[in-house]
Amino acid sequence: MGVSERAREIGERVEAFVRDVVAPYESDARRDHHGAPTDELVAELKEKARAADVLTPHILADGDHLTQVETAWVLQKTGLSPLGPLACNTGAPDEGNMYLLGKVGSPDLKERFLKPLVEGRARSAFFMTEPADEGGAGSDPSMMKTSCRMDGNHWVINGRKAFITGADGAKVGIVMAKAEDVAQGGGACMFLVDLPDPAIRIDHVPNTIDSSMPGGHATVTIDNLRVPADQMLGEAGEGFKYAQVRLSPARLSHCMRWHGACQRAHEIASDYANRRMAFGKPLIEHEGVGFMLAENLIDLKQAELMIRWCAEVLDTGSLGTTESSMAKVAVSEALMRIADRCVQVMGGTGVTDKTIVEQVFREVRAFRIYDGPTEVHKWSLAKKIKRDWKAAQG
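Numbered according to the UniProt record's numbering, the sequence shown terminates at residue 394, and the numbering increases by one at each position without gaps.
Don't read these hints as lab results, they were simulated from the structure.
Any given hint could be a false lead.
As the list claims (entries may be wrong) - In silico DSSO-like cross-links for lysine-lysine, where the CA-CA straight-line distance does not exceed 30 angstroms:
1) Lys110 x Lys171
2) Lys281 x Lys110
3) Lys281 x Lys241
4) Lys103 x Lys241
5) Lys48 x Lys171
6) Lys171 x Lys103
7) Lys383 x Lys241
8) Lys145 x Lys48
9) Lys48 x Lys103
10) Lys281 x Lys171
11) Lys390 x Lys301
Could you put together the complete structure from these sequences and hints?
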């Protein structure tokens with residue numbers, strides 16, 4: 001399946017904007033305590049994207065989304081700078097949250113919570129992961145300890161959450177909690193909340209290896225948060241099902257954005273290798289360097305094709321759980337190899353902040369863990385192999 005003409009046209013505008021307007025901001029000093037861009041910087045970039053008509057480019061004026069294949073093409077272009085997804089409003093967790101709200105939210109919830117996200121007037125956070133040292137949910141969501149119970153026409157939520165991307169400064173929250181009372185729906189539930197809320201306390205924002213996401217990855221305490229019943233997203237007890245609706249496309253959009261970043265890192269490393277002289281000739285003419293850059297081209301193309309294949313599966317209406325796990329593993333590992341080679345090719349320059357290569361390396365290293373570490377996806381695939389084998393035995 002080829003990329004549509006409309007996606008190519010949007011992608012061309014996005015790429016020109018990211019390269020010409022956004023990239024010069026990469027050295028902007030407006031950063032928080034762990035190097036992430038401040039909301040002031042993001043707001044300025046969003047206004048420039050709005051003026052260039054490339055804000056939230058994957059969602060059309062009538063509210064329809066581009067297909068996953070088209071989205072892959074466009075989001076890869078936004079990723080050509082670590083600031084690109086923030087400027088174009090295609091970054092995590094907002095992009096995944098917008099997708100989920102578009103699929104599950106009621107008209108009232110869409111007007112109240114989705115609209116400001118699409119318009120780039122608000123950031124969001126997805127409250128699911130919990131502190132590991134407290135036995136909370138991580139890659140295994142069934143370990144969720146955060147609880148919710150009905151009290152009149154409100155739900156009351158209590159618990160602790162960790163690695164909540166963008167919580168500091170977010171205006172929209174999606175909170176996952178578990179209702180133990182079967183009479184109240186049982187199982188996992190999702191709630192939409194306005195932020196900040198005094199019942200959601202940010203305890204700590206750690207310094208992490210990555211630094212591309214405003215607000216960092218906070219640890220929070222939820223203390224008797226009262227949420228009106230009509231702010232439940234979908235039905236009680238269906239939270240894990242809705243999480244699956246969100247997770248496969250979100251995994252893939254991470255692949256799209258970081259593919260763009262690694263393409264840019266490869267361009268920077270290639271330029272360096274062609275300009276830098278050593279032992280009487282340009283680095284590119286030394287086989288050890290030239291071969292690394294050649295391997296980058298191979299990995300970039302293989303990752304692109306893996307993304308396209310998974311996007312086509314999602315466009316059939318399938319949840320694509322297996323396919324997105326395969327793509328997440330293959331692409332994140334390939335991008336890690338690319339980022340590592342770029343640092344290596346550039347030597348001492350590669351480990352400095354003189355270019356974005358060092359940041360891309362850090363971001364992709366974190367990506368191998370975010371949205372499910374490689375090992376969890378492989379374990380899930382191995383379980384499928386066993387199920388298929390047993391089914392074939394009759």
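(message) Of the numbered hints stated earlier in the document, which are not met by this structure?
(response) 2, 3, 8, 10, 11
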